[in-house]
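Same order as they appear, the protein sequences are chains A and B.
Residue 720 in the working numbering sits at position 475 of the first sequence, and the numbers go up by one each step.
Residue 198 in the working numbering sits at position 215 of the second sequence, and the numbers go up by one each step.
No wet-lab data here; the hints were simulated from the structure.
This one's a predicted model, so the numbers in the text were calculated from it and none came from an experiment.
Hints should not be assumed to be uniformly reliable.
[Said to hold, decoys possible] Taking lysine-lysine and the DSBU-like style, the derived pairs with C-alpha atoms no more than 35 Å apart in a straight line are:
no.	chain 1	residue 1	chain 2	residue 2
1	B	Lys124	B	Lys148
2	B	Lys76	B	Lys109
3	A	Lys394	B	Lys322
4	B	Lys124	B	Lys322
5	B	Lys322	B	Lys295
6	A	Lys537	A	Lys612
7	B	Lys76	B	Lys47
8	B	Lys148	B	Lys76
9	B	Lys47	B	Lys124
10	B	Lys286	B	Lys322
11	A	Lys612	B	Lys56
12	B	Lys286	A	Lys394
13	B	Lys286	A	Lys439
14	B	Lys56	A	Lys394
15	A	Lys743	B	Lys47
16	A	Lys612	A	Lys743
17	A	Lys394	B	Lys76
18	B	Lys286	A	Lys743
19	B	Lys322	B	Lys148
20	B	Lys47	A	Lys394
21	A	Lys438	A	Lys283
22	B	Lys124	A	Lys544
23	A	Lys438	A	Lys256
24	B	Lys247	A	Lys537
25	B	Lys47	B	Lys109
26	A	Lys394	A	Lys544
27	A	Lys612	B	Lys148
28	B	Lys295	A	Lys439
29	B	Lys76	A	Lys743
30	B	Lys247	A	Lys438
31	B	Lys76	B	Lys124
32	A	Lys743	B	Lys124
33	A	Lys438	A	Lys537
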Amino acid sequence: MTIGSVPLRYKISVDHDQCMLCGRCVENCPYGVFRTEKDRIHVNSRVCVACHRCIAMCPRDAISLAERPVDYRSHPLWTPQVRESIYNQARTGKIILSGMGNAQDYPVIFDRLVLDACQVTNPSIDPLREPMELRTYIGKKPSILRFRKENGETVLETRLSPNLMLETPIMIGHMSYGAISLNAQQSLARAVKKIGTYMGTGEGGLHESLYLYQDRMIVQVASGRFGVDIDYLERGSAIEIKIGQGAKPGIGGHLPGEKVCADVSCTRMIPMGSDAISPAPHHDIYSIEDLKQLVRGLKEATEWEKPVFVKIAAVHNSAAIAAGIARSGADAVVIDGFRGGTGAAPRVFRDHVGIPIEAAIASVDAKLRTQGIRNEVSVIASGGIRESADVAKIIALGADAVYIGTAALVAMGCRVCGTCYRGLCPWGIATQRPDLVARLNPDMASVNVENLLYAWTLELSELMGAAGINSIESLRGNRDRLRGYLLDQGIMNVLDVKPVGA
Amino acid sequence: MCGIIGVIDRTRERMDGTGIRAALSEMNERGSGEGAGYAAYGAFPDFRDYYAIHIFFDNLHETKPRVEEELSKWGVIEYDEAIPTYEQASLRKVHIPWRFFFRPDPHLMPRSITPEDDVVMHLVMKVNTTIPGALVFASGKNVAVFKASGWPDEVADFYRIQDYKGYLWMGHNRYPTNTPGWWGGAHPFNLLNWSVVHNGEITSYGTNRRYIESYGYQCTMYTDTEVVAYLFDLLVRRHGLSIETAVKALAPPFWDEIDRMPEKEREIFRAIRLAYGSALMNGPFAIVVANEESMVGFTDRIKLRPLVYGVKGNRLYISSEEAAIRTMEPDVEEITMPKAGEPIIGRYVA
């Protein structure tokens, strides 16, 4: 009892006047907060993770939740989180696990950038009445076109590389089967197919039931090579080599054995119940020239018909790294910012390693342009894209398209409780327990995701129209249409934007 | 707002500046008296093989020697003179306009396929970014540019453009919002043999500027129009595209339209949009661009600015207003309004 118990993080209270003892809270909470005893609901608040499942399911609004009802003495440096980490580690001697994205209170650059609109000197464009083009091609583009005349006819000599065609510059990032449930992947897959965009498989292989959507799938090759064989590569519409992830730059992945059920084991091609541990580096990539070989290898294996992406975490030197990747023959580079989500990451990495996506994209785009190789690769931004305004801003900073992850999960009910690594997700998203997975109905969840993508696309059209732009390529890298509001000069130099009023 | 006009004679018969002065003044409704300008192709027959480098000097004793030194490093100044000007009651002479007839040394740009042009382009960028008080505002062969802050008739009389003859003329009546009163901000914009007059605002300027700057162009005029000249220079001179294709890169058809084209054409337009997406110009504009051989007028993809053209004999007229064309050529035939993004091209026929 050296340390004793620490204050509750959340306190659940039940209004017994309202409660009708239906027992839905007991059924719904996989963490065991609720139990029925003698015609009364009793609670154990200590195990609550604030997933809100009970609150959402209670027909009488009888449940309330308070965060940190009994807190520590306040201190600006020794925050409750810091103290609790120490208690935990003093007890266990272990690395602390966490889920979702960076939870440190860093300033959000997106929220310090404002967009432009037209007034008088140029008319804004009404997307309801005029065409508005969000179609985006992802892949290598020629920098110069060559034509020749043949019998008086103009013939294009330049050959185009394979590109993915997106009807909106929003894709869904890589969340593997294993990290999330099959029902979750099903829902995402149906939504992207409906909208005309793409999603990533993550490093978890491609389950048979998703073959129907394979033309909308970007298959991932990561350091563990889980689920990778020629059939997998050939089914995907594009292939992504994952070098790093924004939530945990510099380290590999870990899918706990408990999540490796029979189906996951088949899809990943690993024994049932075994931990799936991806090494930190690819064991065949120790430098940029090795990456180039893998890119070529994958292209050769798939007849040079598919674009190959390379994903890296946004780190201090990502601009130069991206330039190296552009020269490796890759068709797109994905930059994953330090707010990117995850099913499980050591908290110290999630909260302290990497840089924000806004700064990373600005410097990557600038570097590629200075070297004259911007057309060699598409730039995909991910990690902390929360709304359509973020999409507009990151494209104006230089991205071609974005990956969203957490936002798509939230559209399926996720409450961002950050406990994905426990495998008990009560919303049926980040779990493999059959009874929990069954809670997510792909018929409904896919519509929710589709609605979200559609709504953001509409908002993006309106933002572009207001800025007098009717084609997404005129927003791309158009930093003149951004202004920094209370950003420091150093960051504004990196972003190459002017302050508000200038 | 702004009024633009251009005329080309395809047999290269030359006209003096009287007609365009009257035509441009007809569009005073579209201007504000704070900027006007003209370009004339074929204006310097005696120096036709020299680059006519036009400079606004803030003073002669300090900046001119620096410019001369820079030019002499890269070639030979055959002749130079103050551009003759004639005092006008309401036009204040804030710069000293000067022109150098210059022959660059092609050996100094060994890797270029158009070394002389590249020397001159380098000089333009160098002078405009490093020599304060000197602004190169034209640099073509046999092309004269006249511009200042004032109404079209004042600017025309200030330079006496009726004393010059050209087979291709362009004019611009400005309603400035960005840099009123600045002579450098008046149109036409010129680089090498490219001249541009533009009515509108380019909302994709940031994208276009970043694109063009990665090819060594530097935007120094504080206005969106100069990127048009640079884009044409890049696409036509350096990338070898035809003028039609260049216009299709700057104002391409919508995807809906491209999707309905026959396969070959569809592939061409898809390639154009993929390769030159950053060159696409958005926002409301009507533009007339010229080089020594041709003149092309086009608008943005949804035609948010007016543009009409007319033909009479060997001459093609393109303008914001029919009235301006009729002032210049009362007997003009076939006044037509082109479709959005559709280029109207007039060419020299040998």
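Taking the hints in turn, this is what the structure says about them:
Distance restraint check for Lys124(B) and Lys148(B): the Cα-Cα separation of roughly 15 Å lies within the 35 Å cut-off, and the hinted pair is therefore satisfied. For the proposed pair Lys76(B) and Lys109(B), the alpha carbon gap of about 25 Å is at most 35 Å, so the pair holds. Pair hint Lys394(A) plus Lys322(B) holds up; C-alpha atoms about 26 Å apart against a cutoff of 35 Å. Proposed proximity of Lys124(B) and Lys322(B) is supported: the alpha carbons are some 32 Å apart, at most 35 Å.
For the hint pairing Lys322(B) with Lys295(B), the CA-to-CA distance comes to about 21 Å; that is within 35 Å, so the pair holds. As the CA atoms of Lys537(A) and Lys612(A) are separated by approximately 19 Å, the hinted pair is consistent with the 35 Å bound. For the proposed pair Lys76(B) and Lys47(B), the alpha carbon gap of about 17 Å is at most 35 Å, so the pair holds. As the CA atoms of Lys148(B) and Lys76(B) are separated by approximately 24 Å, the hinted pair is consistent with the 35 Å bound.
Of the pairs offered as hints, the one joining Lys47(B) and Lys124(B) holds, with about 21 Å between alpha carbons and a cut-off of 35 Å not exceeded. For the hint pairing Lys286(B) with Lys322(B), the CA-to-CA distance comes to about 8 Å; that is within 35 Å, so the pair holds. Straight-line distance between C-alpha atoms of Lys612(A) and Lys56(B) comes to about 32 Å, which keeps the hinted pair within the 35 Å bound. A distance of roughly 31 Å separates the Cα atoms of Lys286(B) and Lys394(A); the hinted pair therefore holds under the 35 Å criterion.
A threshold of 35 Å between alpha carbons decides the hint, and for Lys286(B) with Lys439(A) the separation of about 33 Å falls inside it, so the pair holds. Pair hint Lys56(B) plus Lys394(A) does not hold up; C-alpha atoms about 41 Å apart against a cutoff of 35 Å. Under the criterion of a C-alpha separation no larger than 35 Å, the hint pairing Lys743(A) with Lys47(B) is consistent with the structure, at around 34 Å. Between Lys612(A) and Lys743(A) the alpha-carbon distance is near 19 Å, which keeps this suggested pair within the 35 Å criterion.
This hinted pair does not check out: Lys394(A) and Lys76(B) have alpha carbons roughly 51 Å apart, beyond 35 Å. Among the hinted pairs, Lys286(B) with Lys743(A) is consistent with the structure: their alpha-carbon atoms are about 30 Å apart, no more than 35 Å. A hinted pair counts as satisfied when its Cα atoms are at most 35 Å apart, and Lys322(B) with Lys148(B) qualifies at roughly 32 Å. Of the supplied pair hints, the one linking Lys47(B) and Lys394(A) is violated, its CA atoms being roughly 48 Å apart against a limit of 35 Å.
Of the supplied pair hints, the one linking Lys438(A) and Lys283(A) is violated, its CA atoms being roughly 51 Å apart against a limit of 35 Å. For the suggested pair Lys124(B) and Lys544(A), the alpha carbons sit about 50 Å apart, so the restraint of at most 35 Å is broken. For the suggested pair Lys438(A) and Lys256(A), the alpha carbons sit about 42 Å apart, so the restraint of at most 35 Å is broken. The suggested pairing of Lys247(B) with Lys537(A) holds, with an alpha-carbon distance near 33 Å, which does not exceed 35 Å.
Distance restraint check for Lys47(B) and Lys109(B): the Cα-Cα separation of roughly 14 Å lies within the 35 Å cut-off, and the hinted pair is therefore satisfied. A hinted pair counts as satisfied when its Cα atoms are at most 35 Å apart, and Lys394(A) with Lys544(A) qualifies at roughly 32 Å. Note on Lys612(A) and Lys148(B): the hinted pairing is violated, with a Cα-Cα distance of about 47 Å set against a maximum of 35 Å. Distance check on the hinted pair: Lys295(B) and Lys439(A) sit about 54 Å apart at the alpha-carbon level, beyond 35 Å; violated.
A C-alpha spacing of about 33 Å is found between Lys76(B) and Lys743(A), which places the hinted pair at or below 35 Å, so the restraint holds. Under the criterion of a C-alpha separation no larger than 35 Å, the hint pairing Lys247(B) with Lys438(A) is consistent with the structure, at around 28 Å. With a C-alpha separation of about 26 Å, the suggested pair Lys76(B) and Lys124(B) falls inside the 35 Å cut-off, and the hint holds. Restraint check: the Cα-Cα separation between Lys743(A) and Lys124(B) comes to about 38 Å, which exceeds 35 Å; the hinted pair is violated.
Between Lys438(A) and Lys537(A), the direct Cα distance comes to roughly 31 Å. Compliance with the 35 Å bound is thereby established for this hinted pair.
Consistency with the previously given hints fails for numbers 14, 17, 20, 21, 22, 23, 27, 28 and 32, ordered from lowest to highest.
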